[in-house]
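**Student:** Sequence:
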Amino acid sequence: MPLEASRYVVAGGEKGARSEYEGEFWVERESGQLVRFDVRVPQAPETSGVRRIASFVLYEQRQVSGRAVWLPSEAQIVVESAAGRSFRNDLRFLDCRAFQAEATIRFDDADAGASEDSGPVRHADAPAGLELAMELGTGFDSESARAGDPFEAQLLRAAPEKGEAVLPKGARVSGRVRRLAVIDGGTGRGARRVTTFTLELLDVRWPGYCAPVSATLVMVDKIPRMAPVNPDGLQLPKAFFNSDRALGFRTAARLSATGEGTFVVLGEKYTIPPGARMRWRTEAQPEGACALR
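Residue numbering for the sequence shown follows our numbering, beginning at 1 and increasing consecutively.
Keep in mind that the hints were calculated from the coordinates and are not lab data. For clarity, every value in this text was computed on a predicted model and none was experimentally measured. All C-beta atoms in this analysis are idealised placements derived from N, C-alpha and C, irrespective of residue type, glycine included. Mixed in with the good hints, there may be bad ones.
[To be verified] Here are the computed lysine to any residue pairs in the SDA-like style, where the Cα-Cα straight-line distance is at most 25 Å: (1) K269 with R88; (2) K169 with T138; (3) K269 with A75; (4) K162 with T138; (5) K162 with R122; (6) K169 with T216; (7) K269 with G129; (8) K269 with Q76; (9) K269 with K162; (10) K162 with R88; (11) K269 with A145; (12) K169 with E143; (13) K269 with T138; (14) K169 with G129; (15) K269 with Y209; (16) K162 with F93; (17) K169 with P127; (18) K269 with L94; (19) K169 with R281; (20) K169 with E283; (21) K269 with D221; (22) K269 with G208; (23) K169 with E260; (24) K169 with R179; (25) K162 with T258; (26) K169 with A103; (27) K269 with F107; (28) K169 with P273; (29) K169 with F93; (30) K162 with L94; (31) K169 with P274; (32) K169 with A145; (33) K162 with R281.
[Stated by the list, open to error] Now the in silico label distances, taken between C-beta atoms and shown as ranges: (34) G66 with P150: 36 to 46 Å; (35) A68 with D38: 18 to 28 Å; (36) I77 with A284: 25 to 35 Å; (37) G170 with L94: 40 to 50 Å; (38) E28 with Y8: 24 to 34 Å; (39) Q154 with F107: 39 to 49 Å; (40) R279 with S65: 32 to 42 Å.
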């Protein structure tokens, strides 16, 4: 796509610039359905702070409510900065659902035999400032983890507000892997490739109730080869690049972006075991209801 017609903007920092780009797509021979779409910026403008970009999206056929539909399945974006560092973001699209509704109007009395427990799950609030101490029920490793993967944890104690338990001990916490990115640590002495691993909480559930949550990671137990990451420019401590010893991860709220929790892993291979304990702090109540499961 020539620059005159392009609306593709490349930004490697505060400044961005419109850029030429190229690409191709693949379709299935019989159906004509799109199966892959590639976009490349082989030479980005100098003012953008980026040297080149390559991305692709894969599509596949899935069954949604008994119908075969074509949806994105995986994507990858690779960016090379003007300084020579490489960044890779892998995405995986999961849990696609179709939604429909049915309404019934009745003018007689409700069925007296219906039990209170047979009703729908009720919405609950999780106000800002709650401390969520939890234990992971799901582990992660570099061989199988993908962006979009779900995970579960369990509250180790009740989350109180003004002396009253808002979220009970033992409640189930659901979340997902929000981002995975591999970062080239540069060319200096001791520099090496690292992986950033970002989690996001979605909701907290207990019998009869569900509370959507937005929370920021505050602290986790020590996990080998992990260290805190500052999301503002991914500034990592020098000692992290120059040390081979196991590094525990102990962070404060300012080290994670609001509404998520980010780990940085020395190298590309890692394991976050089931049973790892962490603390999150709830932010402002998110809009909307809990997702259907």
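**Student:** Confirm or reject each hint.
**Tutor:** Consistency of the hints with the structure:
About 15 Å separates the Cα atoms of K269 and R88, which keeps this hinted pair within 25 Å; it holds. At most 25 Å may separate the alpha-carbon atoms for a hinted pair to count; K169 and T138 meet this at roughly 18 Å. With a C-alpha separation of about 20 Å, the suggested pairing of K269 with A75 holds against the 25 Å cut-off. Taken as a hint, the K162 and T138 pair is broken in the structure, with Cα atoms around 31 Å apart against an allowance of 25 Å.
This hinted pair checks out: K162 and R122 have alpha carbons roughly 22 Å apart, not beyond 25 Å. As the CA atoms of K169 and T216 are separated by approximately 19 Å, the hinted pair is consistent with the 25 Å bound. With a CA separation close to 34 Å, the supplied pair K269 and G129 exceeds the 25 Å bound. Taken as a hint, the K269 and Q76 pair is honoured in the structure, with Cα atoms around 19 Å apart against an allowance of 25 Å.
Simply put, K269 and K162 have alpha-carbon atoms about 43 Å apart, too far for the 25 Å limit, and the pair is violated. Only pairs whose Cα atoms come within 25 Å are accepted, and K162 paired with R88 is rejected, the gap being roughly 44 Å. Simply put, K269 and A145 have alpha-carbon atoms about 11 Å apart, close enough for the 25 Å limit, and the pair holds. With a C-alpha separation of about 32 Å, the suggested pair K169 and E143 falls outside the 25 Å cut-off, and the hint is violated.
At most 25 Å may separate the alpha-carbon atoms for a hinted pair to count; K269 and T138 meet this at roughly 17 Å. At roughly 17 Å between alpha-carbon atoms, K169 and G129 fall within 25 Å of each other, so this suggested pair holds. With a CA separation close to 38 Å, the supplied pair K269 and Y209 exceeds the 25 Å bound. For the hint pairing K162 with F93, the CA-to-CA distance comes to about 40 Å; that exceeds 25 Å, so the pair is violated.
At most 25 Å may separate the alpha-carbon atoms for a hinted pair to count; K169 and P127 meet this at roughly 17 Å. Restraint check for K269 and L94: the C-alpha separation of about 23 Å stays at or below 25 Å, so the hint holds. A C-alpha spacing of about 16 Å is found between K169 and R281, which places the hinted pair at or below 25 Å, so the restraint holds. Proximity of K169 to E283 is assessed by CA-CA distance (about 19 Å); at most 25 Å being required, the pair is judged to hold.
For the proposed pair K269 and D221, the alpha carbon gap of about 19 Å is at most 25 Å, so the pair holds. At roughly 40 Å between alpha-carbon atoms, K269 and G208 are farther apart than 25 Å, so this suggested pair is violated. Of the supplied pair hints, the one linking K169 and E260 holds, its CA atoms being roughly 22 Å apart against a limit of 25 Å. With a C-alpha separation of about 29 Å, the suggested pairing of K169 with R179 is violated against the 25 Å cut-off.
Restraint check: the Cα-Cα separation between K162 and T258 comes to about 23 Å, which is no more than 25 Å; the hinted pair holds. Note on K169 and A103: the hinted pairing is violated, with a Cα-Cα distance of about 36 Å set against a maximum of 25 Å. Distance check on the hinted pair: K269 and F107 sit about 62 Å apart at the alpha-carbon level, beyond 25 Å; violated. A C-alpha spacing of about 21 Å is found between K169 and P273, which places the hinted pair at or below 25 Å, so the restraint holds.
At most 25 Å may separate the alpha-carbon atoms for a hinted pair to count; K169 and F93 exceed this at roughly 32 Å. At most 25 Å may separate the alpha-carbon atoms for a hinted pair to count; K162 and L94 exceed this at roughly 38 Å. Taken as a hint, the K169 and P274 pair is honoured in the structure, with Cα atoms around 18 Å apart against an allowance of 25 Å. Distance check on the hinted pair: K169 and A145 sit about 28 Å apart at the alpha-carbon level, beyond 25 Å; violated.
Note on K162 and R281: the hinted pairing holds, with a Cα-Cα distance of about 16 Å set against a maximum of 25 Å. For the pair G66 and P150, the beta carbons lie near 23 Å from each other, so the given range of 36 to 46 Å is not met. Range check, A68 to D38: Cβ separation about 24 Å, and the 18 to 28 Å hint holds. Checked against the given bound of 25 to 35 Å, the beta carbons of I77 and A284, roughly 29 Å apart, stay inside it.
Checked against the hint of 40 to 50 Å, the C-beta distance between G170 and L94 comes to roughly 26 Å, which is inconsistent with it. Between E28 and Y8 the CB atoms are about 27 Å apart, so this pair conforms to the stated range of 24 to 34 Å. At roughly 44 Å, the beta carbons of Q154 and F107 sit within the given window of 39 to 49 Å. Distance hint for R279 and S65: a CB-CB separation of about 39 Å, consistent with the stated range 32 to 42 Å.
Hints 4, 7, 9, 10, 12, 15, 16, 22, 24, 26, 27, 29, 30, 32, 34, 37 from the list above are not met by this structure, while the remaining hints are.
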